[in-house]
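Student: As a plain string of letters, each chain reads:
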Amino acid sequence: MLDHAWLIPLVPVCSFFLILFFGKRFPSKGASIGVFALVACFLMSLVLAGQWIGRDKTVETLHQATAAQIAQSQAASIEESNAHGEATVDEHATAAEEEHGAAGEEREETVLKREPVLHETTWFEVGGTKIKAGVLIDGLSVALLVVVSTISLLVHIFSTEYLRDDRRKTHYFAALSLFTSGMFILVTSSNTLQMIFGWELMGLCSFMLIGHWWEDKDNSNAALKAFFTTRTGDIGLLVGISMLFGLAGTFDIGTTNNLALGAQLDQGLLAAAAAALLLAVIGKSAQFPLHTWLPDAMAGPTPVSALIHAATMVVAGVFLVARLYGVFWQGFHIGAGDGYTPVAMVGGITIIIAAVLAFVQRDIKKVLAYSTVSQLGYMVMALGVGAWTAAVFHLFTHAFFKACLFLGAGSVAHSGSHHSFDMKEDMGGLKKHMPITYWTFVIASLALAGIFPLAGFWSKDEILVGANGNGYNLFLYVGLVGAVMTAAYMTRCIYLTFHGEPRGNAAHHHPHESPLPITGPLVFLAFLSVVAGLLQAPMLHIELFADWFEPAYVSNVVTHHGFNGVLALSGLAAAVGGIAVAGGYYFRNLGPRGVVARGGLPRAGYNFLVNKYYLDTLYTDGVVGSIKGPIARATYWFNQHILDGILNGTAALAIILGRFTYDVVDQKVVDGAVNGIGVSADAGGGALRTVQTGKVQQYAAVLFGALIVFAVALWRFAK
Amino acid sequence: MNDILVHWGLSLAIFLPIAGAALLLLIPKENELFIKQVALATTIVTAGVGAWLLVNFDYDRTGKLQFSVNKEWIEIINSRYHVGIDGLSLPLVVLSMFICVLCVIYSWDHFPEPHNPKAFLALILLLETGMNGTFIAQDLILFFVFFELVLLPMYFMIGVWGGANRQYASIKFFLFTLFGSALMILGFLALYFRAGRTFDIPTLVATAGDLLPHNTEVWIFAALFMGFAIKVPMFPFHTWLPDAHTEAPTVGSVILAAILLKLGTYGFVRIALPILPDAAHTWAPWIGLLAVIGIIYGALGCLAQKDLKRLIAFSSVAHMGFVMLGISTLTSFGINAAVFGMIAHGLITGMLFFAAGSIGERYGTREINRLGGLLIQAPKLGWILGFLCMASLGLPGLAGFWGEFPAILSAFNPAAGLSVDTFRVYMVIAAIGTVLAAGYLLWMFQRVAFGAPKDEFVDAHIHDVHGPEWIAWTPMLVLILVLGVLPSLIFKMTDGAVTDIARTLASIGH
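These protein sequence lines map, in sequence, to chains A and B. Going letter by letter, the first sequence gives residues 25 to 743 in the working numbering. Going letter by letter, the second sequence gives residues 867 to 1376 in the working numbering.
No lab work stands behind these hints, which were simulated from the structure alone.
Facing chain A, a subset of chain B residues (Cβ under 7 Å, in silico):
(1) Leu1169
(2) Ala1170
(3) Leu1261
(4) Ala1297
(5) Gln1312
(6) Phe1316
(7) Thr1365
Here are the computed lysine-lysine pairs in the DSSO-like style, where the Cα-Cα straight-line distance is at most 27 Å:
(8) Lys636/A to Lys448/A
(9) Lys241/A to Lys1246/B
(10) Lys652/A to Lys1320/B
(11) Lys156/A to Lys1358/B
Ideal placement from N, C-alpha and C gives every residue a C-beta, glycine not left out.
Given these sequences and hints, build the entire structure.
Tutor: The structure is reproduced here in structure tokens:
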């Protein structure tokens, strides 16, 4: 399987075309094809992971003990490259290694890693440069293949019930297949050009699926918004990848990372490229300030939210940073540990900004959406503080528990609240009617909150340890504050959905537990939310995740910190504290009531939050509105009145001028030309509808006159 | 058979259509079916010659002229009947032949008012001769003759079968482009007199650069620029285009967008750059500037449009901006992207005009605000439109991407001698243009296809895609996808030829 991993993206592509062209002829409307394809992908991914883990370790990596040493040796290599100018990669690597040997003699260990499996073929050739297409299998891609195929399979199964009678079931499953292949293409790409393919293919499917019920304008608006916003980020993707190609001379990811880490690329341009790519991350992974599309994207069917807008596509930005870590590491000096990096700032701000908004949502899916934004912030922040493994590990665990939560919300809407997602109007008291949904939701929430020993605890702890150990203390505190808030808003969400008195639809529409295609995936995901964290539990001396999935280019630079009891306890305390406060408020009815209703500052603050910091107003009315409205109209006015005005004015002037020129300029030339045109025009005109040949002749005469003037000028000048 | 085609293939490609047109004129007007059959047969046989060229082209020597014929023509000015194709001409000639077949099929049973299939089809065939000839000619005078030949049929097509405002649009089209080509012929004459008394393009490429002083080159380039830039059209010489497109019948718009605009960009790559490489360096930053202005300007213009066809016309200004940006970098990456962009734009925008024409025909209006719910009334047509929007906005995996992204990419490192900073600014502006493209296309798609039909059309019976449309469209839709996934199909033709041009340009780099 290691050598045939290309099959994994190919299978869903085939299933897409099969469903699109033949799906309608199946009794399942094509759903069965999709499920079958995903079963195949899931099994192939598992086999692949098994083979990857069983692969012999052959690549030696240098594991630096301190970040400072790396910074030092990097500084040395920069000088080196300045001195030698165009040193080749190999020479330089040796030089850098010697440098390492000299500087880090006392604390350096050598670790063995599995060698990535790379299969490439020439895609096309331009100007002597061969552009390859290929599949790169290393720890990172294996980890993501497992996550994506698992979640996608479960979502497919869930959807067979959830969209059983949907009017466009065939389209739905076709898009789901295409989406899955897009994600597979992204994670297995061996080069950045191919990554753009996967990246945009997912954007397309996201657009199609958010707007799945496009009869409703709100849905198509949400689809357009998602596409534009991520596309705005993609300016950065196109520019960043162009820059990297210009700098490194290749799209190849491995080479690019090595050149960047070897300080072989112009530092200023590398930083600019990293900044451009960061813009792409901000768009795709819904980071502040471009996060606004993700909550709106909840207009799509719920399984889509679970798959695309929680577990897979939105982590593409995180994946991009993880994949091109050399570029970000070197471009932003992540290893220097000097308090903050742009990547960490973006992630840190997003954690808090989004978590706050989760408190004021009425729609259960929007709570989860803001929670997703916030958790993506954790991943981005982790990458920004040099905790690569923690970020990818959190991506891994988050996919399971967040998908479980979204599917749980879908289950509630399907069987409990009669297609409503409004927690305040149509839910409450569903616990006794939907026990499986309830308990899986609670387990996943606890995992998200970071309660020991569930998955989220371990991955969040890794992030906190990384931030602390790498010299980014500010972000340790951000992470802790975020943990309190996460635990609190999820408690609120559980209370409003499952506890208290039934309201609205939940009271009137006979809530009941969902059938097996829905509860099955929930139970399986809840199970994973419990155990997935145990892959990387330094407390128990388990570091399998790092061992299996951390690639050599990362191991060479990042530092791992051991278990830290104080931090683990702080993280746990934050989560418990959050639950306690929110639990007290909602379950025990403690604390003040009606603060917001009393007006004044609380009311103003509440309005500020309900309006999402007015960012949507700024974007929709301010930016988009002015471009679509006044700016576009002004441009068109310019076109019609200024440019065309000049043209029409010139024509009028030319006619006046022409009469004069006609008499002065050599009659023979002009006459000859006019007659020529006249003859052909008459010949054609006879057979056709009458046209104003006279006018054409006149214009033509004027033109030829003007041209002769120009010709004389040109001649004089040329001489 | 092969021997005949090796020598006569290109001449057949040029003159078969015009012979077919002559034949049409002999058939009585009443015999409509026969007229259509003859026209279709002519385009298919011509396309067959194209297929033969595709198969027998030597892809290892794409930089060399193949199937050349070089015969005496107008002795007194040393202008020769020199035809030949290299990797640059081949895809464009084949595209032209291919589009003409599809246009005849599409026209089969919807000829626009005042009907008259005989004249209409004869004009299409006449156009084909002009277009094929322009891409095949290797002599400046021959090139000019074909370049001008397309003007008249298109003028009549718009002026006779066009919309309400056809008189203004057709005269504007005719005079604007005629003005450009008149400057162009002056440039050609200047080349003739100052660079060795020859019109032979390969000879001029080899010698003109050395014979001409820099100043003269710059002036001659200016004259050629006007001719080609108007045809492209580049901002600010584009105002004939929206009018011509809006008024032209569907098939006219398709040919205009798919092929005619490429005559301009092809002229830059075939004539202006390699013959005047020195002047190209002087002009490149300005061409690049107009190109990126065009990208943004065209997109903003689109956002203000109310008419479907006019919107697509403005989008051409933006797309041709990407093509010209690629050309202005003077690198092999950029010029390859430009040629790919020409093909992609030809297929995608040509197809968009087909779709817009069919929508307009069904609803009796192309006003975007009156349309809506196309996906409900004609789902297949609606999804085709959606597919085309995605292709047009440069989605990877569809042909449009390969015209845009490599152009952006090439602007990061323009040819030696050009200002790196300037072109990097262009790169960012062009990238911003991709977002605006997504904006106007998807906003249009939302208004036309999503939602419910407007009240006035709720009960209208809207036909979904019918037979001739499927036959005409399927090949284009498939090609848009195939070229998007396998760009090497085009790049392997163009790369050799483009690399030669880029080498000529690089040898001049300051």
